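Undergrad: Here the structure of chain A is known, so what remains is to put chain B in place on it, guided by the hints.
Protein chains in written order, with my numbering: chain A, 1 to 561; chain B, 562 to 778.
Treat the hints with caution; some may be incorrect.
Said to hold, decoys possible - Just some of the chain A residues that point at chain B, by a computed CB distance under 7 Å:
#1 R14
#2 L17
#3 R19
#4 V22
#5 Q23
#6 W33
#7 A40
#8 L41
#9 G43
#10 L46
#11 F136
#12 A139
Stated by the list, open to error - Distance windows between CB atoms, simulated:
#13 B:E660 with A:K113: 36 to 42 Å
#14 B:G665 with A:V42: 32 to 38 Å
#15 A:S165 with B:L646: 25 to 31 Å
#16 B:I655 with A:K76: 37 to 43 Å
#17 A:S201 with B:L730: 34 to 40 Å
#18 A:S201 with B:E660: 29 to 35 Å
#19 A:S151 with B:W662: 57 to 63 Å
Stated by the list, open to error - Negatives, chain B to chain A, calculated, CB over 10 Å:
#20 V673
#21 V675
#22 L692
Source of the hints: derived by calculation from the structure; they are not laboratory data.
Keep in mind that this is a model prediction, so the values were computed, not measured.
Think of the CB as a built atom: it goes at the ideal place given N, C-alpha and C, for glycine as much as any other residue.
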Amino acid sequence: MTEDSRVEQDPPSRDALPRPVVQQRRFKESLIWLVPVLAALVGLSLVIHNWMQTGPQIVVSFQSAEGLDAGKTPVKYKNVVIGRVKNIRLSSDHSHVLVSVALEKSAEGFATKGTRYWVVRPRIGLGGVSGIDTLFSGAFIGADVGESNQSQDEFTGLEAPPAVSHGALGRSFVLHSEDLGSLDVGSPVYYRRIQVGQVASYKLDADGKGVSLQIFVDGPNDRFVTASSRFWNASGVDLSVGANGLKLNTQSLAAVLAGGVAFQDPPGPHDSTPAPQDTSFQLFDDRATAMAPPDGEPHYIRMRFEQSVRGLAVDAPVEFLGINIGKVVSVRLDYDRKMQKFPVLVGAVVYPKRLGSAYDKLEALARERGENPDLSRTIGRLIAHGLRAQARTGNLLTGQLYVALDFVPHAAKATFDPDAKPLTIPTAPGSFDKLQEQMANIVDKLDKVPFDSIGKHLDQSLAGLDATLKQVNGQTLPAFKHTLDGVQQTMGSANEALSGDSPLQRNLGATLEQVQRMARSLRVLTDYLGGHPEALLRGRRADSPPTVQAPPNPPRQEDKP
Amino acid sequence: MTALPRAVDLGLIGCRVCGLVCRNVAGDERLDGDGVDDAMACPRCGSALRRRKWNSYARTWALLIAGFILYIPANVLPIMRTASLNDIDDNTIISGVVELWTAGSADLAVIVFVASIVVPMLKFLSLGMLLVSSRRGSDWARPQRAKLYRLVEFIGYWSMLDVFVVALLTALVRFSVLSRVEPLPGVIFFGLTVVLTMFASMSFDPRLIWDGRNTDD
Chain A
1 MTEDSRVEQD PPSRDALPRP VVQQRRFKES LIWLVPVLAA LVGLSLVIHN
51 WMQTGPQIVV SFQSAEGLDA GKTPVKYKNV VIGRVKNIRL SSDHSHVLVS
101 VALEKSAEGF ATKGTRYWVV RPRIGLGGVS GIDTLFSGAF IGADVGESNQ
151 SQDEFTGLEA PPAVSHGALG RSFVLHSEDL GSLDVGSPVY YRRIQVGQVA
201 SYKLDADGKG VSLQIFVDGP NDRFVTASSR FWNASGVDLS VGANGLKLNT
251 QSLAAVLAGG VAFQDPPGPH DSTPAPQDTS FQLFDDRATA MAPPDGEPHY
301 IRMRFEQSVR GLAVDAPVEF LGINIGKVVS VRLDYDRKMQ KFPVLVGAVV
351 YPKRLGSAYD KLEALARERG ENPDLSRTIG RLIAHGLRAQ ARTGNLLTGQ
401 LYVALDFVPH AAKATFDPDA KPLTIPTAPG SFDKLQEQMA NIVDKLDKVP
451 FDSIGKHLDQ SLAGLDATLK QVNGQTLPAF KHTLDGVQQT MGSANEALSG
501 DSPLQRNLGA TLEQVQRMAR SLRVLTDYLG GHPEALLRGR RADSPPTVQA
551 PPNPPRQEDK P
Chain B
562 MTALPRAVDL GLIGCRVCGL VCRNVAGDER LDGDGVDDAM ACPRCGSALR
612 RRKWNSYART WALLIAGFIL YIPANVLPIM RTASLNDIDD NTIISGVVEL
662 WTAGSADLAV IVFVASIVVP MLKFLSLGML LVSSRRGSDW ARPQRAKLYR
712 LVEFIGYWSM LDVFVVALLT ALVRFSVLSR VEPLPGVIFF GLTVVLTMFA
762 SMSFDPRLIW DGRNTDD
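Bound conformation, chain A alone (with noise of 0.2 Å):
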């Protein structure tokens, strides 16, 4: 108010009022707008940078989307995140999952075919223990760039991480197996029990008769796998009992526990070139059969046992004077029309080649005798020598039986056709039967002897020698006793007459000093007559001095009566 009253009093002339000055502008008012201009371009910046980020839209169908988190789960190679998962939805059946994941601009590549995702999760196994890391930091999707440049949004992703990530140095090599064994994927490979390797992926083969492995050898020391190197299988304990005593023999732990592959080269000169990507090999069960010489051509034979062959199971061996050279691969019955018995038809696969330099010289002495030199032929001279086959008992414990080639004296002449498909082998009744053979005979010869007269007659013999018994008895013994009575009375008389106090002892003992004297005055008298013979015919002289002295000790043998 009080303003108001003061410029209401004093109103000063507009004219008074000083002028302003003129003051130029340094800025233009439009240098304002640069302003949004700017976070306009910021914001441009930030979406085409965004859009350049934006790569590739894939979807990944997993079985279960444990552990992943749309939104965060990243994408990761070689630990680098390459992508992030967007959204995870079930598929249209409930099968599977559905993994949208937004790949980086710069992880174009990875959308081609042949990449492999998997998810990364703790995996703790008998092999080791792997994505530790992930228990912390979440699971994360592994991902593995293929070859191909075809593109690809849709892929199935793998439940297990891949053995071998690819354009890893080293090379793949397919093994072929019987059976699986121990090994899974990841299974190690080892060379002089060092890892060099490991199992990457195994398959049934097309036929079903055997198993495929793909095992990856790295670099640099796939060189060491050669053009014949032998693989086995590493897994388990190989206890051996040999003539040097108790040999255990395992490759490490977690081989033992995992299973595991190893491979050599076999000794002696071989071809150490090194293998080609993706050769071929064999698995063998162990090492001794890896390192032995190649088996060469199997043979099947056949064999007809007319006894039982209880204890013959199939893989029994087949020896050859105590060389294995094969097994059994079968064991039936069969009926015989003639002869109403039921043989059994033994089939089994041999291996001449395992005979070594022995089967070599027959081959040559075939040879040299102008004859095919075929297993036929070489074996049909062998038993005409009498080579047979037989079931014998390897071991007592279990009755396991085996089946022995082998030459048998004085064997049965045997008809053998050389040309006969399969090739069957005469056989003779084993070790053990032919014992069983002759136990049978003296059991039929004791069958024969005729234990019931034989009984009869020991009966009556024995009622007669009742009847003896019972005579001695009665007559005899008493008469007996009677006897032995007489005898302690003569005995008693004799000891009677033999005492101390005897007459007869005394008698004795005066006679014998009589005796004494006798012979005492016998010596003087052969003395005397010794020195004086003339005595004899001149009588007796007076008596000198006495001089001589009577000996001490008569001679007892005249003292004795």
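TA: What follows is chain B alone, placed relative to chain A:
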């Protein structure tokens, strides 16, 4: 109201710094005080003499638009990364609000929502409305519009709440492996938005609300 003269009607202009009242010089393009090509300065203290805030409409529009443009990345980009032992969580403003809400802190969620979403939006809408209505010289609800402007100016800096939260958490929560909080680019954009809108409301001249030509003439 229309009868009462205003400074411009009297051909007077006051210095906002030293209070000296000067007269407009009719005929001089730079000193006539009609708001076109004026280049006046106080003869005593030398500060610029302006009838209204310099270039208010353009500056307010420009800053408001810039703020709005930056508000988009501020909401789209994550503003904060919470990394704990087994989890890395990037949060945008709205996802943070949702997280707070689902975690049961409805009150906090409301506060953050109001401070970070409602207030900036309110500012954009209010300032835009004020600018449009003032430019058009509308005489609709002038006292209320003036109140609204004062409100906008007052609540402007409360929107910095989010920025402060992120800054505080980043400084406080640093347990290396166990848990940590990192600011992400979104918070910069958000802060820029808040600053730009504050500048915009500062550069808006509330006197423009009253510059209705219809009633003035």
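Undergrad: Next, verify each hint and record whether it holds.
TA: Hints and how they fare:
1. R14: holds (5 Å)
2. L17: holds (4 Å)
3. R19: Where the cut-off is 7 Å and the nearest Cβ of chain B is about 5 Å from A:R19, the hint holds.
4. V22: holds (5 Å)
5. Q23: holds (4 Å)
6. W33: Holds, because the Cβ-Cβ distance from A:W33 to chain B comes to roughly 5 Å (cut-off 7 Å).
7. A40: holds (5 Å)
8. L41: violated (9 Å)
9. G43: holds (5 Å)
10. L46: holds (5 Å)
11. F136: At 5 Å from the nearest chain B Cβ, A:F136 passes the 7 Å test, so the hint holds.
12. A139: violated (10 Å)
13. B:E660 with A:K113: 36 to 42 Å: holds (40 Å)
14. B:G665 with A:V42: 32 to 38 Å: holds (37 Å)
15. A:S165 with B:L646: 25 to 31 Å: 29 Å Cβ-Cβ, so the 25 to 31 Å window holds.
16. B:I655 with A:K76: 37 to 43 Å: violated (28 Å)
17. A:S201 with B:L730: 34 to 40 Å: About 49 Å separates the Cβ atoms of A:S201 and B:L730, which means 34 to 40 Å is violated.
18. A:S201 with B:E660: 29 to 35 Å: The hint (29 to 35 Å, Cβ to Cβ) is violated, given that A:S201 and B:E660 are roughly 43 Å apart.
19. A:S151 with B:W662: 57 to 63 Å: About 41 Å separates the Cβ atoms of A:S151 and B:W662, which means 57 to 63 Å is violated.
20. V673: Label holds. Min Cβ-Cβ 20 Å, cutoff 10 Å.
21. V675: holds (24 Å)
22. L692: At roughly 14 Å from the nearest Cβ of chain A, B:L692 sits farther out than 10 Å, so the non-interface label holds.
Of the numbered hints stated above, those contradicted by the structure are hints 8, 12, 16, 17, 18 and 19, listed in ascending order.
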